[in-house]
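Taken in sequence, the protein lines are chains Z and C. Residue numbering for the first sequence follows the working numbering, starting at 1 and increasing by one per position. Residue numbering for the second sequence follows the working numbering, starting at 1 and increasing by one per position.
Do not rely on the hints blindly, as some may be mistaken.
As the list claims (entries may be wrong) - Example chain C residues on the side facing chain Z (calculated, C-beta under 10 Å, incomplete):
id, residue
1, N78
2, Y174
3, I183
FYI, nobody ran anything at the bench for these hints, they're computed from the structure. Only a predicted model underlies this, so the values are computations on that prediction, with no experimental measurement involved. A virtual CB, placed ideally from N, CA and C, is assigned to each residue, including glycine.
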Amino acid sequence: MMPRYLIAAVTAGLVSTSMAQAQDAYVAGVEASFPPWAYVEEGEFKGIAIDAMRAIAEDQGLDVEFRDMPWPSLVPALAQGRIDLLVTGLNVTPERAEVLDFSIPWWENDDEILVASDSGKNMIDVLCCGATIGAQGGATQYQWLEENLVNREGVDVTLRGYEDYVVAIEDMLAGRTDAVVTSTDTAEEFISNGRPVTIVGTIQQNQPQALAVQEGDPNELLASLNRGILNIYASGQWEEIVHEYSPQASIRAIPTAMPDYVDSYQEPIPGYSE
Amino acid sequence: MIVEIIINHIPYLLDGLWVAIQLLVCLLAIGFVFGLLLALAEIYGHWTLRAFGMAFERVFRGIPELVLILMCFYGVGNWFPIEPFPAAVLALGLRSTAYQSQIFRGVIQAVPKGQIAAARAIGMSGVQAVRYVVLPQALRQMPGPWSNEFSSELKATSLAYVIGVVELTRQGRYIISSTQGNILIVFAVVALMYFVVNWLGNRVLYRAERALEIPGLERRESD
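Take the sequences, apply the hints, and build the full model.
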């Protein structure tokens, strides 16, 4: 009868998918809608973080496979150990330092205030007095805007959170927000893709970015990651990768400034301080 | 230019559609098997089974799909690591079980009670009566109401991207993020793909409905 055949089909389906995915490679969570750091083009993972991770994996003999997840899922997935490391343009923040362990930082970013090119607005128009600003929910820019503008008396701005920056920009171009605040490299990516947006101001953040592993580093990955980062930096591979995606970007010395609020940077850092 | 990009990406969109279809087949199959069992338990079972069936159905019909998917992946995954695809199949399959059990219950109860009495009178057991008299008639009336479930679950597969299943919607988002825009046109293509599958699936189901209809039963009103 029909059901027996169907049960067989379902079981076969479930078993084969879980077998195909059950292997020893480390699973690197990426948010593949974040160019130039991580994205998918014609079925292939691309971006600075992706290529750098591949180079590190090769350098350190690691077996890494990428898994795409939406941004709001990534940090919880890592905290729960559903993925082994996080490879994307991940900002180092005090809150995140409490639930995961960062590698040495390999990048620093500022935040840019973007407006629609034809709006003629300046940065005062869009950061005060009834303006509406868009940012990616849960991103450092969102938190910064919340703490420094939304929660401050007399500023009067409305903040809107989006799943990613593409929709935030789209909503601004549709006239529903006045500005979008995003990191420097994302902003430059939009402009080089010909989106009609203009940078009207920069918020100097010197925001470090790094890779991350589960709190406590249960797989002992940090030492390999840190050594790999230093090696690809020293060999010039890092510069090559960055410039492939972001030709004008200036390369900062690795590690970049390591903020005090990350406890693990105050202790001997595996793969770096030894 | 975007047209060219989309044409280049068609194979990947089709890949995504294939994942969505696999998801759909698996979850509908789970829903079919367990939905039937649940319906039989609810109609003919001991009162404890009936209570269980009712509770199951109320709970799984009462929770949004998205929440079920997240609960399956993160909640269940806490004790028993489950990959994104099976987690999505499980979450949507259990929900489909609840809905399909109601479809089964409807078609089974549409078979007049006298038929069981008649079957028992000629010496069949209760199980035999259900197996050989009620179910064959009931199942022939399934395709119509079931096409609703098919359509709604096909659309629900698009939610699986939240736990990392790269299905059609996610493949569409890849194009949007690698080109930093073109939301409307990309999603229009994605929508068209869902629509075509839905339409084809429904055509098959309508045809099945006509082929399986019980002569003299469905068309009574037009006689």
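Evaluation of the provided hints:
1. N78: holds (7 Å)
2. Y174: holds (4 Å)
3. I183: holds (5 Å)
Hint violations for this structure: none, all hints satisfied.
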